[in-house]
Amino acid sequence: MSLDIKICGIKTPEALDAALAGGASHVGFIFFPKSPRNVAPDEAGRLRQAALGRAKAVAVSVDADDVMLDTIVAAMSPDMLQLHGDETPERVAAVKARYGLPVIKAFSIRDHADLAQIEQYRGAADRFLFDAKPPRGAELPGGNGVPFDWRVLAALPSVTDYMLSGGLNAGNIGEALRLVSPGGIDISSGVESSPGVKDAGLIRDFFRAVGEATKKDAA
37 MSLDIKICGI KTPEALDAAL AGGASHVGFI FFPKSPRNVA PDEAGRLRQA
87 ALGRAKAVAV SVDADDVMLD TIVAAMSPDM LQLHGDETPE RVAAVKARYG
137 LPVIKAFSIR DHADLAQIEQ YRGAADRFLF DAKPPRGAEL PGGNGVPFDW
187 RVLAALPSVT DYMLSGGLNA GNIGEALRLV SPGGIDISSG VESSPGVKDA
237 GLIRDFFRAV GEATKKDAA
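The number in the working numbering is simply the position in the sequence shown, starting from 1, with 36 added.
Some clues are possibly wrong.
[Unchecked claim] The calculated lysine-lysine pairs, modelled on BS3-like cross-linking and capped at a C-alpha distance of 27 Å, are:
(1) K169 <-> K132
(2) K47 <-> K92
(3) K47 <-> K169
(4) K251 <-> K92
Derived by calculation from the structure, the hints in this document are not laboratory data.
Turn these sequences into a full structure, and let the hints guide you.
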């Protein structure tokens, strides 16, 4: 089982080093002021340099306008863009056309009914990301550390390319991968010692757990 693994919410060289050492295929930089993982475009650009040739850099934004995206793309030259807000299919297509970059569209999922929304995005987004719906009163669309019932994703057509996110950690990733078969997994709060603070030990534990789970799957 070949999995893309994205460590999201990178803010420091230490966190980036731990992600790359573990074998991350993608590293995510969040541009959303309300998030404890928010990073300035210039700083993301500096961090991104260390990932060149080792992992794809993903710029994560929430309902960003063209001015903001222009600034982000100019500062860090991401490999991919992730749209984590209420962007319409038309907006996703426009962003992809404007920057010539692959686009990941994130969706908040609670039950089967929430999957219906993705159909209109097929062909606009290059990949989907499924996160849990945020708790009541939460200010963040993602990164809240809560899972959803992963089994609902079994209803997706087998051709659906998606990343699984939402409440993942070293303790539950094995169960998640037993229930569903995503093309990639995305983790942020599950490898943090406190909101926005990545923990190198937790990152190592997560990669170890993924390795054990995929070995079982291969067997």
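Here's how the hints hold up against the structure:
Of the pairs offered as hints, the one joining K169 and K132 holds, with about 25 Å between alpha carbons and a cut-off of 27 Å not exceeded. The suggested pairing of K47 with K92 holds, with an alpha-carbon distance near 15 Å, which does not exceed 27 Å. At most 27 Å may separate the alpha-carbon atoms for a hinted pair to count; K47 and K169 meet this at roughly 24 Å. Taken as a hint, the K251 and K92 pair is honoured in the structure, with Cα atoms around 24 Å apart against an allowance of 27 Å.
Against the hints set out earlier in the document, no violation occurs for any number.
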